[in-house]
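Engineer: Knowing the structure of chain A, use the given hints to seat chains B and C on it.
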Amino acid sequence: MKKILVVFVVLLIISTFAVSAEGKQEKGPVTLTFWYPAGEITATSMPFRDGSKPWAEFEAANNCKIDVVAIDYETMKQKLLTALAGGKAPDIAMIDGSWMGAFVKENGLVQLPSQYAKEWLDGVSPDTKALSDWGGGKMYGYPSWGEDAYALTWNVDMFREAGLPPYQAPKYLDEFREYSKKLAIREGNDFKRVGYAIRHVGHPHGIVDKWDWLAVSAGVKYVDPPTVLVGGKSVIDIPPVRKAFQGAHDMIYVDKSTSLNFPDPRDCLLKGLAAMQISELVSIQVRQPKEAPNLKWAFSPPPAAEKGGKPAVHISAWNYSVFSPSKHKELALKAIRWFNNKDNDFKMAKKYESTPRWMANYNSEPFASDPYVKQFKSLLPYGQPYPKNLALPGIMEALGSAIQKVLHDEATVEKAFAEAQKKADAAIEATK
Amino acid sequence: MQDTFLTRARKERWFYAYLFISPVLIFFGLFRVYPALQTLVFSFFKVEIVARRYSWVGLKNFALLLQDDSFIRAIKNTFIYALYIVFISGFLGLVLASMFNSKMKLGAFFKAIYFIPYITSTVAAAVVWGYLYDPKFGLFNMLLRLVGLPTRGWTASSRDALMCIVIFSIWKSLGYNMVIFIAGLQNIPDMIYEAATIDGAGPVTKFFRITIPMIVPTIFFVIIYNTILSLKVFDQVFVLTAGGPAEASTVVVLQIYNQAFLNYRFGYASAEAFVLFVSVMLITVVQYWISRRMEI
Amino acid sequence: MKVQVLKRTGEISATSIAYLLLFAFGVLMVLPFYWMIVASLQIPENLVSFPPKWWPQPPTTEHYMDAMAKAPFLLYYRNSLIVAIISVGCSVIFGLFAGYAFAIYRFPLQNLFFILILSTLMVPIQVTSVSLYILMARLGWIDTFPGILAPNFASAFAVFFMRQTIKGMPGDLIDAARIDGAGEVRIVTTIVAPLVKSVIATVTLILFIDSWNDFLWPVIIINSKYLRTITVGIAFFKDPYHISFGPLMAATSIATIPMIVIYLLLQRFVIKGIATTGLKF
Numbered sequence: 018m019k020k021i022l023v024v025f026v027v028l029l030i031i032s033t034f035a036v037s038a039e040g041k042q043e044k045g046p047v048t049l050t051f052w053y054p055a056g057e058i059t060a061t062s063m064p065f066r067d068g069s070k071p072w073a074e075f076e077a078a079n080n081c082k083i084d085v086v087a088i089d090y091e092t093m094k095q096k097l098l099t100a101l102a103g104g105k106a107p108d109i110a111m112i113d114g115s116w117m118g119a120f121v122k123e124n125g126l127v128q129l130p131s132q133y134a135k136e137w138l139d140g141v142s143p144d145t146k147a148l149s150d151w152g153g154g155k156m157y158g159y160p161s162w163g164e165d166a167y168a169l170t171w172n173v174d175m176f177r178e179a180g181l182p183p184y185q186a187p188k189y190l191d192e193f194r195e196y197s198k199k200l201a202i203r204e205g206n207d208f209k210r211v212g213y214a215i216r217h218v219g220h221p222h223g224i225v226d227k228w229d230w231l232a233v234s235a236g237v238k239y240v241d242p243p244t245v246l247v248g249g250k251s252v253i254d255i256p257p258v259r260k261a262f263q264g265a266h267d268m269i270y271v272d273k274s275t276s277l278n279f280p281d282p283r284d285c286l287l288k289g290l291a292a293m294q295i296s297e298l299v300s301i302q303v304r305q306p307k308e309a310p311n312l313k314w315a316f317s318p319p320p321a322a323e324k325g326g327k328p329a330v331h332i333s334a335w336n337y338s339v340f341s342p343s344k345h346k347e348l349a350l351k352a353i354r355w356f357n358n359k360d361n362d363f364k365m366a367k368k369y370e371s372t373p374r375w376m377a378n379y380n381s382e383p384f385a386s387d388p389y390v391k392q393f394k395s396l397l398p399y400g401q402p403y404p405k406n407l408a409l410p411g412i413m414e415a416l417g418s419a420i421q422k423v424l425h426d427e428a429t430v431e432k433a434f435a436e437a438q439k440k441a442d443a444a445i446e447a448t449k
Numbered sequence: 071m072q073d074t075f076l077t078r079a080r081k082e083r084w085f086y087a088y089l090f091i092s093p094v095l096i097f098f099g100l101f102r103v104y105p106a107l108q109t110l111v112f113s114f115f116k117v118e119i120v121a122r123r124y125s126w127v128g129l130k131n132f133a134l135l136l137q138d139d140s141f142i143r144a145i146k147n148t149f150i151y152a153l154y155i156v157f158i159s160g161f162l163g164l165v166l167a168s169m170f171n172s173k174m175k176l177g178a179f180f181k182a183i184y185f186i187p188y189i190t191s192t193v194a195a196a197v198v199w200g201y202l203y204d205p206k207f208g209l210f211n212m213l214l215r216l217v218g219l220p221t222r223g224w225t226a227s228s229r230d231a232l233m234c235i236v237i238f239s240i241w242k243s244l245g246y247n248m249v250i251f252i253a254g255l256q257n258i259p260d261m262i263y264e265a266a267t268i269d270g271a272g273p274v275t276k277f278f279r280i281t282i283p284m285i286v287p288t289i290f291f292v293i294i295y296n297t298i299l300s301l302k303v304f305d306q307v308f309v310l311t312a313g314g315p316a317e318a319s320t321v322v323v324l325q326i327y328n329q330a331f332l333n334y335r336f337g338y339a340s341a342e343a344f345v346l347f348v349s350v351m352l353i354t355v356v357q358y359w360i361s362r363r364m365e366i
Numbered sequence: 050m051k052v053q054v055l056k057r058t059g060e061i062s063a064t065s066i067a068y069l070l071l072f073a074f075g076v077l078m079v080l081p082f083y084w085m086i087v088a089s090l091q092i093p094e095n096l097v098s099f100p101p102k103w104w105p106q107p108p109t110t111e112h113y114m115d116a117m118a119k120a121p122f123l124l125y126y127r128n129s130l131i132v133a134i135i136s137v138g139c140s141v142i143f144g145l146f147a148g149y150a151f152a153i154y155r156f157p158l159q160n161l162f163f164i165l166i167l168s169t170l171m172v173p174i175q176v177t178s179v180s181l182y183i184l185m186a187r188l189g190w191i192d193t194f195p196g197i198l199a200p201n202f203a204s205a206f207a208v209f210f211m212r213q214t215i216k217g218m219p220g221d222l223i224d225a226a227r228i229d230g231a232g233e234v235r236i237v238t239t240i241v242a243p244l245v246k247s248v249i250a251t252v253t254l255i256l257f258i259d260s261w262n263d264f265l266w267p268v269i270i271i272n273s274k275y276l277r278t279i280t281v282g283i284a285f286f287k288d289p290y291h292i293s294f295g296p297l298m299a300a301t302s303i304a305t306i307p308m309i310v311i312y313l314l315l316q317r318f319v320i321k322g323i324a325t326t327g328l329k330f
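Protein chains in written order, with the numbering used here: chain A, 18 to 449; chain B, 71 to 366; chain C, 50 to 330.
So here's chain A without its partners, still in its complex pose (with noise of 0.2 Å):
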């Protein structure tokens, strides 16, 4: 009994000690919270992790102070709903895209004043404005700069040894699943690199995200027609889809040119483990120079489902958002609008060495004829965000789960895709 109580005070007394010394939160006049994901899930979120302080000239213009708080991916958005019904909702947070729907579904996003909204939509390139427009000129928030493409990305050097032309990238799913095969290499039972290194964990969001490339390019319509905000219909299992994952699946299984045991496809072409991936361009611009400055790599759009077909590069951002039970609306949108002006748009993309959202800034250098926003935009004309309907939460767990349970050989691509079907039909009638 007294040693328990020994170890209890002396802990306590640690304990405030240490926390003494962790130094309190500083309160200025008026505290903005800000949310934005942690870790290595995007690379636009540089900015808050490298110690930047990129909110620092509008907190000393406005007097007031912005507390800047990393929430952790997987559960961002569970915290982002519970903070809302719990009226603690941050004041703006920087989200995922696709995760919109649901929290406009519970007015839980603030939108932008109409001349926010105007000003911008003139203002910015073609693709970035899709982004944004969630019909008749309504914004929820500013998508992020360097958005994301998704493009298949290599390691040029790789190509070479296996004899393959260095700059010239599969254009088709048999093509590709050809390549992967020259490009893996085998180590009695394992793998020492893999010819495409494939997303497969996790939550099944994200794996839509990462396959999006070869649905979409196989006929998958998440919703039909795109542009409606309830309702529409879902297309996902048809031949040419089940083919297409089937394809996937074999590459596994039949060709043995991947494994799942490479589950991080941006590490593994960093870390040389893969020949070739497929994700959000931006992260590999701007973690290779750091990560792996001798790496060789170059993109294209990522291959069609069937020769002659055309290729899709799934289009997505993150957005700065303000959300609804904030109390100082009026400042919060200030900050982001100030966030994402012009001149901020240049500075961000610039010093991260990636795509502007102002077509002003897209014509201007070193952006004009930077190599890398050049070929960027040549994947645009593929591009192609997800549609802004309530029920794509819903349709995208149905697809992703669906995908790995084929990806993981635990159900066939008729019964995985049959299920989905029937999945994305009841998150769309759910909505209505």
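No lab work stands behind these hints, which were simulated from the structure alone.
All figures in this text were calculated on a predicted structure; none of them were measured in a lab.
Mixed in with the good hints there might be a few duds.
Now the stretches of chain C that chain A is said to cover, found in silico as 3 or more residues with beta-carbon under 8 Å [what the hints assert, rightly or not]:
1) 188–196
2) 234–246
Below, computed lysine to aspartate or glutamate pairings styled on EDC-like, alpha-carbon distance capped at 20 Å [as the list claims (entries may be wrong)]:
3) 146(B) - 436(A)
4) 288(A) - 204(B)
5) 359(A) - 370(A)
6) 439(A) - 138(B)
All residues carry an ideal CB built from backbone N, CA and C; glycine is no exception.
Structural biologist: Relative to the frame of chain A, chains B and C by itself:
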């Protein structure tokens, strides 16, 4: 009317009785009983929590449950998980405990060692195991490679994922089960063993003929305790696999969590929680009934 | 003579098998912790090298620096301690008084209340979390200490054990105190409490371990980084998109080693306490 001394004293006692139990009753009433009843009510509603809209849907949530492959998978997985934990962790615990019985040297040391996983936080331990299970850099695959065996996907493979969680949980709970069995075994008088030894019984015979029959109540407790704990499993699944890949390791509580806090279907999640409640209650009732009949 | 020798060798081999088994499982029990500590001290190249390095050569503290820079572990410790001390303190004190009331008094609805309290054991937080969350939202307790503590201000387990123990106490002592004119509150604090102190200690310890390791409810109710308890902090320290095991193992070491050390100091008491409460339960 005049109070007698007796009733006055009794009333005073009543006052103190209610005073003393009121904190517990108030806190339990508010934060345990009320939410439990609320769960039952919500399971018949569509709950939109941010908009504060509650719409009556009758038995629809339960009807949907029956067709929800994810939930059915979760029930199946939870059941498999419980079976493994009860039988393997329980049986191993008993075997190890019976080895302690003869007052052995280092007994206290071993006990202390076996108990470390139990007192460690499940989350922290699962994070460490996540590293051991890592297909590329984890210790398990490195060991397999060392001895020339094929490596596995562990938590990254839908075939191994549930077993990864089972193995982790056996490691985590073995010490507890063992300690409970040791306590149970200490109640068996040494005389019985001595008599059996004189009759020429070997250790295995003694184990099955004496040890097991003598500690039936303890075995019963361990089974019930581990079953109920298994039905509530969440932390290690959340950390190790998040229910994946492809729902291979999803469990009931994770489904409740996902439906409520990821998909915002609070009514539906309440219906799932209600199913969990009924299962826990059934087991408790069975326990009560058997312990009555067996007079344990 | 011969028979006896045979028997003895048989016994010896049985004991050595027992030792061998216990030793083998013992190694398996500590291996994860060993590997955690080794990895946390290993230089990054050695973390990915094959064959595995069983000893940090040369050892480095860089992962600890990294981990401490990335997350305020001391703050997490403090939060866990605040939660544990308040919830365990309340549960034990309320449990003692309620246990006394149920053991000593006879009053209307006594059985109903007792069964009601015990029945909450049947309704785990996993079942009620959704409704409890909605209630917290209404009270404005989301992301606050009261919110984290709410379901743990009282413990049915504590009430039950206190009642069982106090029931087994000789009643004369209480009667004697009453005759001396001691009030009921004083009887509980000065006479009953010292008599059941070993049970109080056991219950405190078990509740403390539970509270310290609690995860589901904190992860639901906590949003801001200033309130994270150690379990929530650890779970979110992991970055699934860029796992670096060195800092991760340093973080788990920071989170687990102090508790393991405290446990090893108190291990006899801990194990005895859990064995007895487990069996009676």
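Engineer: Now look at each hint and say whether the structure bears it out.
Structural biologist: Evaluation of the provided hints:
1. 188–196: Per the Cβ count (4), the hint holds.
2. 234–246: violated (count 1)
3. 146(B) - 436(A): Holds, at roughly 18 Å.
4. 288(A) - 204(B): The given pair, whose Cα atoms are some 16 Å apart, holds under the 20 Å limit.
5. 359(A) - 370(A): Satisfied, since the Cα-Cα distance of roughly 16 Å is no more than 20 Å.
6. 439(A) - 138(B): Roughly 11 Å separates the two Cα atoms, so the pair holds.
Hint compliance for this structure: hint 2 alone is broken.
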